[in-house]
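S.K.: Protein chains in written order, with the numbering used here: chain W, 1 to 330; chain V, 1 to 330; chain P, 1 to 330.
In short, the hints are calculated from the structure, not lab data. Hints should not be assumed to be uniformly reliable.
Note: identical chains are not told apart, hence a pair may lie in one copy or across any two.
Calculated lysine to any residue pairs in the SDA-like style (CA-CA distance at most 25 Å, straight line) [stated by the list, open to error]:
hint: 1; residue 1: LYS65; residue 2: ASP232
hint: 2; residue 1: LYS114; residue 2: PRO95
hint: 3; residue 1: LYS65; residue 2: LEU229
hint: 4; residue 1: LYS114; residue 2: PHE299
hint: 5; residue 1: LYS65; residue 2: PRO149
hint: 6; residue 1: LYS65; residue 2: ALA154
hint: 7; residue 1: LYS65; residue 2: ALA125
hint: 8; residue 1: LYS65; residue 2: THR225
hint: 9; residue 1: LYS114; residue 2: ARG276
hint: 10; residue 1: LYS65; residue 2: PRO151
hint: 11; residue 1: LYS65; residue 2: LEU223
hint: 12; residue 1: LYS65; residue 2: ARG230
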Amino acid sequence: MPGVATSHLRRVSALLALALSLATGLSGLLVVPGTAQGTGQVRHYYIQAEKVDWTLVPTGYYDDKLGREVPAGVTRYPAIVLRGYEDPDFKRPLPRAPWMGILGPIIEARVGDKVVVHFRNGDFAYGRPHSLHVHGLSYRMAHDGGWMPHPAPAQPGTAVPPGGEHTYEWEAGPDSAGTWFYHDHSVDAADNVRRGMLGGVIVRGADERPADREYVLLFSNFLRTVTRLRRDFFTINGVAFMGGLPGLGARVGERVRFRLIGMGDEFHTFHLHGHRWTLNGQIVDNVPVAPASTATFEFVEDAPGLWMLHCHVLDHAETGMMQHYAVTER
Amino acid sequence: MPGVATSHLRRVSALLALALSLATGLSGLLVVPGTAQGTGQVRHYYIQAEKVDWTLVPTGYYDDKLGREVPAGVTRYPAIVLRGYEDPDFKRPLPRAPWMGILGPIIEARVGDKVVVHFRNGDFAYGRPHSLHVHGLSYRMAHDGGWMPHPAPAQPGTAVPPGGEHTYEWEAGPDSAGTWFYHDHSVDAADNVRRGMLGGVIVRGADERPADREYVLLFSNFLRTVTRLRRDFFTINGVAFMGGLPGLGARVGERVRFRLIGMGDEFHTFHLHGHRWTLNGQIVDNVPVAPASTATFEFVEDAPGLWMLHCHVLDHAETGMMQHYAVTER
Amino acid sequence: MPGVATSHLRRVSALLALALSLATGLSGLLVVPGTAQGTGQVRHYYIQAEKVDWTLVPTGYYDDKLGREVPAGVTRYPAIVLRGYEDPDFKRPLPRAPWMGILGPIIEARVGDKVVVHFRNGDFAYGRPHSLHVHGLSYRMAHDGGWMPHPAPAQPGTAVPPGGEHTYEWEAGPDSAGTWFYHDHSVDAADNVRRGMLGGVIVRGADERPADREYVLLFSNFLRTVTRLRRDFFTINGVAFMGGLPGLGARVGERVRFRLIGMGDEFHTFHLHGHRWTLNGQIVDNVPVAPASTATFEFVEDAPGLWMLHCHVLDHAETGMMQHYAVTER
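All chains should be built: construct the whole structure from the sequences, respecting the hints.
M.R.: Here's what the structure looks like:
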C-alpha cells in the first residue's frame with residue numbers, strides 16, 4: 001500500500017483545498033466576464049497561448065513498472081496552454097478555479113450572443129504558429145482557425161505566428177446550446193492540443209440557469225512523444241493521480257452539473273461513485289467520452305462523503321485518471 | 001479451414017448443451033433467491049471471492065500466429081472469481097447457468113428493495129485483499145468498497161483480508177432500474193477485475209416482468225500480464241472462441257432480453273446475426289459497449305437457426321469474441 | 001509546412017473534381033437501379049468480388065516519421081473490392097461517384113422491398129472463398145453469409161469459391177429502415193473486410209424522400225499486416241489524406257444527409273467544420289462511430305467554404321483521416 005505514509009498530509013491538503021475553494025466561490029462557480037446581463041450580447045475574451053511548466057502529477061505517484069515513488073517534478077514538461085485575461089493588453093489574468101487544471105478560460109455565452117476572441121500567440125518557447133478553432137458555434141470560414149496544407153495560401157487566423165494576434169468571431173445561434181470547446185488547429189494541431197491548448201465553452205439556452213456547481217472536465221492523454229517524459233499519462237484537466245486536482249465537490253442539496261469533454265487519442269468513460277443521473281433518457285453512473293464529443297448532465301447532491309471520480313477504462317484508471325469528489329453536509 | 005475435422009463433434013456438443021440447458025431451465029431463466037415476492041424486500045446474497053482454475057478457451061482454438069491448434073488446457077490460469085451461496089456458511093453453491101461463464105452470481109432486485117451482500121474473501125491463492133463495489137444502486141460511503149491510497153486509514157470494506165468478511169448494504173431506489181454490476185475495487189482493483197471478479201445486477205422497475213430469456217453478457221479482455229498466458233484474450237463472460245459458452249438461445253415466439261456489460265481496457269460492440277431491435281429509439285443490430293457501461297434491450301424471437309453473436313471490432317472477433325446463439329422452432 | 005509547393009495544383013484539382021461531380025450529377029446523387037417506383041419491389045443487384053490495385057493515398061503525403069514526401073504509388077496494394085454491374089453477366093459496371101472510394105455499390109431499397117443480390121466471386125488474385133453478409137435486413141439463416149468453422153458442413157453461400165456464384169435474398173422489413181452495410185463474412189472474414197470488401201445499404205422509410213445530397217462514409221483502418229505496406233492507414237472510404245476523396249460538398253440551400261459506417265479495429269469520430277446538426281435529440285458537431293455501427297443525420301446547407309471533415313481521434317486525423325467538404329453559393 002504505497003503512499004500511506006504521506007496520505008494523512010494529502011488528506012488534509014485535499015480537504016483544505018476544498019474548503020478554500022468553497023470559501024472563495026471559485027469551485028464550480030464560474031467567474032467569467034460579461035455574462036450577467038441578457039441575451040444578444042457581444043462577449044469579448046482575451047486569450048493567449050503561452051508556455052507554462054506544467055506538472056502532470058502534482059502529488060507524485062507510485063510507479064508500478066519502476067517499483068518506486070516518482071516525485072512531482074519528474075512529471076513536469078513545457079506545456080503550451082491557453083490563458084484568459086481581463087484586458088486587451090493581456091496583463092491581468094482572469095481568476096481560475098483550482099479544478100480547471102490545464103484548461104484554458106471557460107467561454108460562456110447565451111444563445112443569441114456573439115463571442116469575439118482576441119487571440120495572441122505568446123508561444124516564444126516552441127516558436128510555433130497557433131490558432132483557435134471552436135466547436136458548436138457558427139462562423140464564417142475566415143474564422144474557422146483550421147490550418148490546411150492546401151489549398152494555399154493559408155486562411156487568415158490559421159497560423160498566427162509567435163507575437164502575432166488574431167480576432168475570431170463566433171455566433172452562438174439557437175443550434176449552439178450546450179457544452180463545447182475550442183482548441184489549437186494550426187500546423188501540427190494534434191501535438192499542440194496534446195501539449196495543452198484546449199478550453200471549454202458553455203452556451204446556455206434562453207431560459208437556462210447555471211447550476212450551483214458546474215464542472216468542465218477534459219478527459220485526455222499526454223503522449224511521451226510530445227511531453228518527452230518517460231511515459232504516457234491519462235489525465236482529467238491535465239492532471240493524473242488522485243489528489244492532484246482539488247476543488248471538485250458540492251454541498252448536499254446543491255444542483256451539480258458536469259460538462260465532459262473528450263480529446264486526444266483514446267476513448268474514455270466518466271464514472272462517479274455513489275451517484276446516478278439521467279442522460280438521454282437513461283439512468284447511468286458511467287458515461288462514454290469520445291474524442292471531441294461532450295456530455296452534459298446534472299443531479300441534486302444527496303450523498304455526503306469523499307467519493308472517487310474516474311475513467312473506468314481499467315488501464316486509464318490505474319495509471320491515474322482518477323480524482324476525489326468531496327461532498328459535505330448542507 | 002482448421003477445425004473441420006473436429007467440427008461435427010463440436011456441433012453435437014453445442015446442440016446437446018443447448019438442449020440440456022433448455023431442459024433444465026437454466027438457460028436465460030434466472031434462478032436467484034428471494035425474488036419471487038413483491039417490492040420493498042431485503043434480499044440477502046452470500047458471495048465469496050475464490051480461486052478457480054479458469055479455462056478461457058474450453059474448445060481449444062487454432063492460433064493463426066502460431067500456425068497450430070492450441071488445446072484448452074494451455075488457456076487455463078488461476079482466476080479469482082465471485083461465487084454465490086445459498087447459506088451464510090458458504091457451503092451450498094447457488095445454481096449457475098452454463099452461459100454465465102466466469103460471471104459471479106446475478107443479483108436481482110426490484111425498485112424499492114434493499115440488497116445485503118455478505119461477502120467473504122476466500123482468496124488464499126493470491127492472498128490479496130478484496131472488496132465489492134456496486135454500480136447503479138445507492139449506498140452510504142461506508143458501503144462503497146472503493147479502496148483509496150489516501151486519506152488513511154482505509155474505509156471499512158475496501159480491503160477485506162483473506163478469510164475476512166464484510167457486509168455491504170445497497171439500496172435499489174427509483175433511479176436504480178436497469179442493468180448494473182458489481183466488482184472488486186480493492187488494492188490493485190484493475191488486476192482483480194481482470195482476473196474475473198465481476199458479477200451482474202438486475203434491478204427491475206415496479207411493473208417490469210422478466211423476459212422468457214434473459215442473458216447477462218460481459219465483454220472484457222484478459223491481459224497476458226495478469227493471466228501469465230502467452231497472449232491476451234477477448235472474451236464474452238470470460239470465454240473465447242465459438243462453442244465455448246453454451247446455452248445462449250431461445251425458442252421462436254419467446255421474448256429475449258440481453259443485458260450487456262462492458263469492462264476492461266477496450267471498447268467493444270455486440271452484433272447478433274439475423275436480428276434487429278430498438279435501442280434508445282434507433283433500430284440497430286450492433287451496440288457499442290464501453291467499459292463500465294451497460295445496455296439493455298429485447299426482442300421477440302422470430303429467426304430459427306444457429307446464429308453468430310460477436311463483437312464487431314475485427315481483431316476482437318477474429319481472436320475469439322464470438323459465440324453461437326441457437327434458435328429452435330416453437 | 002510540407003506540401004505547399006504542390007498545393008496550388010492540388011487546389012485546382014480538388015475544385016475541378018467538385019465542379020465535375022456537380023456537373024455529372026454523381027456527387028451525392030445516388031444512381032442505382034430499380035429505385036424509382038413504389039414499395040414492395042424486388043430489387044436485383046449484381047455484385048462481384050474483384051481485385052483492384054487500390055491506392056490508399058492518391059495525393060501522396062508527407063510522412064512525419066520518415067521525414068519526407070511519400071508518392072501515391074507507394075501506398076498501392078492489391079485490394080479485393082465489391083463492384084456492381086447492371087447485368088447478370090457482370091459486363092457493364094454501375095456508375096460510381098468519386099467520393100465512394102473503395103466502397104462497393106450502394107444497395108438502396110424501401111421498407112417492404114426484397115433485395116436479391118447475385119454475387120460472383122471474381123477473386124482470382126488471392127484465390128480465396130468469399131461471401132456477403134448484410135446488416136439491418138432480415139433473412140433466413142441460409143442467406144446469412146457468415147462462415148462458421150463448425151458445425152460442418154458450411155452453410156451455402158458462406159464460402160463461395162473463386163469463379164463461383166451465389167444468390168442472397170434479404171428483406172427490408174419495417175424494422176430495417178436506416179443505414180446499413182454488407183461485407184464479406186467468409187473464411188478469414190476480418191482480413192477480407194480489411195482488404196476492402198464492404199458496401200453501403202440504404203433502406204428508406206415509407207415516406208422518406210432522398211436528400212439533395214447523400215453521402216455514405218466508411219471510417220476504417222487498413223493494417224500493414226494485410227496490405228503489406230510499411231504502415232497502417234486510417235481512411236474514409238478507403239482513402240487517406242486531404243484531397244484524395246473528391247466530390248464531397250453541397251450548394252447552399254441543399255439538404256445534405258450523411259450516412260456513416262464504422263468498421264475495422266478502432267473507434268472513430270466524424271467532425272465537420274462549420275456545421276452542427278441534431279442526432280438523437282442532441283445538437284452535435286462530432287459523432288462517435290463504432291465498428292459496425294452506423295449514424296444517419298442531415299442538415300440544410302448554409303455555410304459556404306472549403307471545410308475540413310475528419311475523424312477527431314488525434315492520431316487518426318494526423319495520419320490522414322481527413323478530407324475536404326466544399327460548399328458553393330446557391
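S.K.: Pop the pair LYS65 and THR225 into one bin, within, between, both or neither, using alpha-carbon distances up to 25 Å.
M.R.: both (19 Å within a copy, 12 Å between copies)
S.K.: From the Cα coordinates, with 25 Å as the cut-off, is the pair LYS114 and ARG276 best called within, between, both, or neither?
M.R.: between (35 Å within a copy, 17 Å between copies)
S.K.: Measure nothing new, just compare the shortest in-copy and cross-copy C-alpha distances for LYS65 and LEU229 to 25 Å and report within, between, both or neither.
M.R.: both (15 Å within a copy, 19 Å between copies)
S.K.: Classify it for me, LYS114 with PHE299: is the Cα-Cα distance of at most 25 Å met within a copy, between copies, both or neither?
M.R.: Only across copies: LYS114 and PHE299 sit 22 Å apart there, 30 Å inside one copy, limit 25 Å.
S.K.: For LYS114 vs PRO95, is the C-alpha pair at or below 25 Å within one copy, between two copies, both, or neither?
M.R.: within (22 Å within a copy, 46 Å between copies)
S.K.: Are the CA atoms of LYS65 and LEU223 at most 25 Å apart within a copy, between copies, both, or neither?
M.R.: both (17 Å within a copy, 16 Å between copies)
S.K.: Have a look at LYS65 and PRO151 and pick one of within, between, both or neither, based on CA distance no larger than 25 Å.
M.R.: between (47 Å within a copy, 24 Å between copies)
S.K.: If the cut is 25 Å between Cα atoms, do LYS65 and PRO149 qualify within a copy, between copies, both or neither?
M.R.: between (41 Å within a copy, 18 Å between copies)
S.K.: Checking LYS65 and ALA125: alpha-carbon separation at most 25 Å within a copy, between copies, both or neither?
M.R.: between (32 Å within a copy, 23 Å between copies)
S.K.: Are the CA atoms of LYS65 and ARG230 at most 25 Å apart within a copy, between copies, both, or neither?
M.R.: both (11 Å within a copy, 20 Å between copies)
S.K.: Can you tell me if LYS65 and ALA154 fall within 25 Å by alpha carbon in one copy, between copies, both or neither?
M.R.: between (45 Å within a copy, 24 Å between copies)
S.K.: Measure nothing new, just compare the shortest in-copy and cross-copy C-alpha distances for LYS65 and ASP232 to 25 Å and report within, between, both or neither.
M.R.: both (13 Å within a copy, 19 Å between copies)
Of the numbered hints given earlier, the model fails none.
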